[in-house]
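Peer 1: Here is how the chains run, residue by residue.
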Amino acid sequence: MSDVVDERPAPDAAAPVGAAPPTRRVAPLVVAVVALVVGGLFFVLASADGDRGATAETPLLDRPAPPSAGSLTDGTRFELSRRKGSWVVLNFFTHDCVPCVREHPELIEFAEQQRALGTDGAEFYSIVISSTRDEVAQFFAERGGGDWPIVFDDLDFQFQIDFGVVQVPETWIIDPDGIVRGRIISEVRADFLSSTLQRLREMRA
Amino acid sequence: MIAVSVNGALGHAGLLLVLAASIIGALATGLAIATGNRRALRQAPVYAGLIVAGSAIAVIAMQRALEVRDYSLAYVQQVGSSTTPGIYNVAAMWSALEGSILLWVAVLAGFTGAVAWRFRRRTDDVLVGWALVVMFAVSAFFALVSFGPANPFAAGPTVPVGFDGPGPNPLLQNHVLVLFHPPILYLGYVGFTVPFAFAIAALITGRVGEGWLVETRRWALFSWMFLTLGILLGGWWSYEVLGWSGVWAWDPVENASLLPWLTGTAYIHSVLVQQRRGMLRVWNLSLLVATFALTILGTFLTRSGVVASVHAFSAGEVDGYLLGFFGLVVLVSLGLIAWRGDRLRAPGVIDSPVSREGAFLANNVVFTVFALIVLLGTVFPLLVEALQDRQTVVGAPYFDRLSMPIGIALLFLMAVAPVLPWRKASQELLRDRLFWPAWCGVAALAAAVLAGADGWAPLVAFALAGVASGAALRQIVLATRRQGWRGLVGRANGGMVVHLGVILVAVAFVASNAYTERTRLPLEVGEVVEWEGHTFELVAVVVEQDARTDVGRADVRIDGGSIHRPAITTYLQMGIPIGTPGVRTGLTEDLYLTIAGTTPPAAGDRAVVIEVFRKPLVLWMWIGGLLMAIGTVLAAFPGRRRRDPTAPVSEPLPMSEAIGTRDEEVAGV
Amino acid sequence: MSSGLNRRLKSWPSWILLLFVVVGLLAVGATRDGGPRTPDQRVDSISKRIACPVCQGESVYESRHPTSVNIRQVIEARVDEGRFTDAEIIEGIVAAREGQELLVPSADGVEALAWALPATAFVVAIAGLVIAFRRWRENAERLGVATDDDYAIVAEAMARERLDGTCGDT
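Residue numbers (our numbering), protein chains in the order written: chain A, 1 to 205; chain B, 1001 to 1669; chain C, 2001 to 2170.
Chain A on its own, in the form it takes in the complex (with noise of 0.2 Å):
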């Protein structure tokens, strides 16, 4: 079984058997060539993990958060990184993407929530993506909500690009070394989202 497979062109097994055979050593190295590509491809492809991005694994998990900065409503920078010592909760929407907008009361009561905490409670902030200042201004007189600071992603885009947001709404949880510690995509619940802190909170304990 000299004369296997050839992936390469050199099409040696058309050599012809009237003369006296010629040497045969390309064939077996093709052969171990082509077992070799065809091996390492299946090894490789089977130990890649799938559905990448589909799931809210995101390579910043346990690590330091991106010391994104925006711009607060009344103009004022807001730097990420200065954030440090407490909980953080940050919440990227836009003012007309329909989950956000069926998510929005349930964010006022996680607020409500950690505010009962005291200084235990997170920091909660919303992310804005792309509207306006009047357009969120609008949002917020209209469905209430809105009493804690609101962020807008105006230098450069950087929360959205240094976090990868996908689609909104996101939400995102930064311990008080400021480490990410979780991320969720789509809405959220506001029971869900404060046991989640709460777990998080005694597991640093």
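The set of hints was computed from the structure by calculation and includes no laboratory data.
Any given hint could turn out to be false.
[To be verified] Below, in silico cross-link-like pairs of lysine to any residue (SDA-like), each with a Cα-Cα straight-line distance of 25 Å or less:
| # | chain 1 | residue 1 | chain 2 | residue 2 |
| --- | --- | --- | --- | --- |
| 1 | C | K2010 | B | A1443 |
| 2 | C | K2048 | B | V1583 |
| 3 | C | K2048 | B | V1354 |
| 4 | C | K2048 | B | R1482 |
| 5 | C | K2010 | B | R1431 |
| 6 | B | K1424 | C | R2137 |
| 7 | B | K1424 | C | K2048 |
| 8 | B | K1424 | C | A2155 |
| 9 | B | K1424 | C | A2159 |
| 10 | C | K2010 | B | T1480 |
| 11 | C | K2048 | C | K2010 |
| 12 | C | K2010 | B | R1482 |
| 13 | C | K2048 | B | F1509 |
| 14 | C | K2048 | B | R1401 |
| 15 | A | K84 | A | E123 |
| 16 | C | K2010 | B | V1354 |
| 17 | C | K2010 | B | R1423 |
[Unchecked claim] Partial list, derived from the structure: chain A residues whose beta carbon lies under 7 Å from chain C:
| # | residue |
| --- | --- |
| 18 | D156 |
| 19 | F157 |
| 20 | Q160 |
[Said to hold, decoys possible] Partner residues aside, some chain C positions facing chain B, computed with beta carbon under 8 Å:
| # | residue |
| --- | --- |
| 21 | F2020 |
| 22 | V2023 |
| 23 | L2025 |
| 24 | E2111 |
| 25 | A2112 |
For every residue, glycine included, the Cβ atom is placed at its ideal position computed from N, Cα and C.
Please build the complex by placing chains B and C on the supplied structure of chain A, with the hints as guidance.
Peer 2: Frame of chain A; chains B and C shown alone:
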């Protein structure tokens, strides 16, 4: 009491029928061949019939479930919605993983049935028998996937009254092409199972001569045609829907369809060398195996989510099955080729690189290297991840850079190969035959320069395209002059028509990539803005709402004539705005309008910023695709004056099929 | 068309003329000034080289995702500022993510494989062809004199060639 869905039960029954008929069919037919039981062998078409019936039941059940929005099924919960319009609801069947596997099962059943029907008078032939066994085995695998990890009829969690699903991905419900692109692409993918099955059958029976090639020539050609059409329709869909004005983004899913196309194209060329000269047997078998294995690998890549892609479906355990099947296919094929190695050695020599067969070899080298590059680029992020545990992306610029020299090499071969004779070409002959094609190239180059084209790579491509079309036309003119209309049919002449189509596609692709111009135009209602010799007038800003979508649309009148309507549509269930372009198609250029940004215009807006792309010659890509399809059909039906090519030269085997016309071959068994 | 004229037309001088025309046209086309790159063209070429950080395998140029639109705006702003080169702009954008958004593999480290492997494959393939042709030539010499069979084959092939119309004289 048990609220089991009728559709679910019916679908399960259908899939079970497919699974059982495939497994039993494969075993019974294989056993019948082994024991020489002719009566049992004649039963093979019955199993094929059962497979067709089972898959038809499953498809009908799925369509019915989608039609009545049967939310007891998990799949319908995922892709069904009361607001999806009728035709997209039909297409919802293949808008997610489970349904697309079901479509695969159905198409494969169709091909199995077609093979059984086509060869129904030859069921005694072990070659046909083994081919059917392979078809059954492949069918059994996909039925197993569909019955197991990707079950479209799995019961979903109980839903409250009044539940409504999200419907298919919004991108899959705003252009009619989603109805045609996936099924046609699948016809191409799955179609290559037939030549693959015959190749394996030839290896098993040892009848590795040219007989099986002749049997499967048309199957391979038609599969190739559907694959080509499917890929081009995908490009068209991307152009008409995605709003970035391009047709090809080197996305992993697109690459997955390109890979079998590349090896398939290499095959339909090099198979001519085998039919003519009896050489390259191992090579041709390898190409067929590679084509089939790459369709499986491509499905794995795109369905398992290991590579990031816009088209990727999220999947469960299907990836393990697909990867395992890929490994099995490669292993079995390699083993069989190794086992039959002694018979695969063909006598004969290729005398000169400057000959038709030499050109085919060069073509094969280029296509294979191209396929390797595409495969490498597609899995490269995984490779880096495995070696260094970090994430990378390999994107269009990489592929563009590497495919440019390859494209030019292919155009060069297309220019020269059609005039080359078999065996050996003399310098004088080349000078004679290439003369007018070469001047065609000069004319094309001159025309391009006059039209303002610049950059050496596009110009070289245009010039070579001119030579290639000259060479193709020369063949067609000579053949029609001699044979009348029959000069248009047959594999050489039809092939030249395909070449003309390829050239059109290539020229349009190069031109539209190299010479796209883009700008942003702020428009106000009633105001006329001029750009690049065209005028744009915003006629109105329209906002429409229905149960499913909010549409913000800008009606723009171009050149005082027709009105085009770029829009941004927000699908309420998804909450994500999606831009759709308005395209004015023309023979020399397209004007492609999209609304800039992602915020849809609001009611009462008087101004909109429009992004305008001017892209030359795009229309010719679709015309070229049509020509390729027509050419393939012409190539598949040889003129009656010429018999099917047989394999006379090289067959030293004692077996009679080597001399085989079909009848002789039946008699020989 | 008389064959004498035809033959004279296709002789060397006209091929040399053709060569000159081609070189001339290519020189004109390839060197002519396409005008300075417009800001739009710069934005396009830069955005084609950066992957959209959140979408699945699209470049910023193709993607219509808000994040990509935003990155495009950043690029536009920096291009308009006029003091950055393309490379600097790209560097500024991808630095935050450790180069994960570059769409073209770099030429060093493991990523050089992306360039080296295709080149190797091509060289191996060409070498394979050269070896195969050499072997065929040796075998052809060893085969020696053609038999009657061989002549029959040639005759048949030539007959088919005529039918194909590939062998005809213009």
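Peer 1: For every hint, state whether the structure bears it out.
Peer 2: Structure-based check of all given hints:
1. For the hint linking C/K2010 to B/A1443, the alpha-carbon distance of about 17 Å falls within 25 Å, and the restraint holds.
2. Using a Cα cut-off of 25 Å, the hinted pair C/K2048 and B/V1583 holds, with the two alpha carbons roughly 22 Å apart.
3. In summary, the hint linking C/K2048 to B/V1354 is not supported, as the alpha carbons are separated by about 40 Å, beyond the 25 Å threshold.
4. With a C-alpha separation of about 51 Å, the suggested pair C/K2048 and B/R1482 falls outside the 25 Å cut-off, and the hint is violated.
5. Straight-line distance between C-alpha atoms of C/K2010 and B/R1431 comes to about 7 Å, which keeps the hinted pair within the 25 Å bound.
6. Between the alpha carbons of B/K1424 and C/R2137 the distance comes to roughly 13 Å, so the proposed pair stays at or under 25 Å and holds.
7. The suggested pairing of B/K1424 with C/K2048 is violated, with an alpha-carbon distance near 46 Å, which exceeds 25 Å.
8. At roughly 15 Å between alpha-carbon atoms, B/K1424 and C/A2155 fall within 25 Å of each other, so this suggested pair holds.
9. For the hint linking B/K1424 to C/A2159, the alpha-carbon distance of about 16 Å falls within 25 Å, and the restraint holds.
10. A distance of roughly 23 Å separates the Cα atoms of C/K2010 and B/T1480; the hinted pair therefore holds under the 25 Å criterion.
11. Among the hinted pairs, C/K2048 with C/K2010 is inconsistent with the structure: their alpha-carbon atoms are about 46 Å apart, more than 25 Å.
12. Distance restraint check for C/K2010 and B/R1482: the Cα-Cα separation of roughly 23 Å lies within the 25 Å cut-off, and the hinted pair is therefore satisfied.
13. Simply put, C/K2048 and B/F1509 have alpha-carbon atoms about 17 Å apart, close enough for the 25 Å limit, and the pair holds.
14. Between C/K2048 and B/R1401, the direct Cα distance comes to roughly 13 Å. Compliance with the 25 Å bound is thereby established for this hinted pair.
15. Straight-line distance between C-alpha atoms of A/K84 and A/E123 comes to about 10 Å, which keeps the hinted pair within the 25 Å bound.
16. Of the pairs offered as hints, the one joining C/K2010 and B/V1354 holds, with about 20 Å between alpha carbons and a cut-off of 25 Å not exceeded.
17. A distance of roughly 23 Å separates the Cα atoms of C/K2010 and B/R1423; the hinted pair therefore holds under the 25 Å criterion.
18. Given hint, A/D156 at the interface with chain C, holds; its Cβ is 5 Å from that chain's nearest Cβ, closer than 7 Å.
19. This hint holds: A/F157 has a C-beta 4 Å from the nearest C-beta of chain C, less than the 7 Å allowed.
20. The closest approach between the C-beta of A/Q160 and any C-beta of chain C is roughly 5 Å, which is under the 7 Å cut-off, so the hint is satisfied.
21. Because the smallest distance between the Cβ of C/F2020 and any Cβ of chain B comes to about 10 Å, over 8 Å, the interface hint for this residue is violated.
22. The beta carbon of C/V2023 comes no nearer than 10 Å to any beta carbon in chain B, farther than 8 Å, and the hint placing it at the interface is violated.
23. For C/L2025, the shortest C-beta to C-beta distance to chain B is roughly 5 Å, which falls under 8 Å, so the interface hint holds.
24. The restraint placing C/E2111 at the interface with chain B holds, with a minimum CB-CB distance near 7 Å, inside the 8 Å limit.
25. Because the closest C-beta pair between C/A2112 and chain B is about 11 Å apart, greater than 8 Å, the hint is violated.
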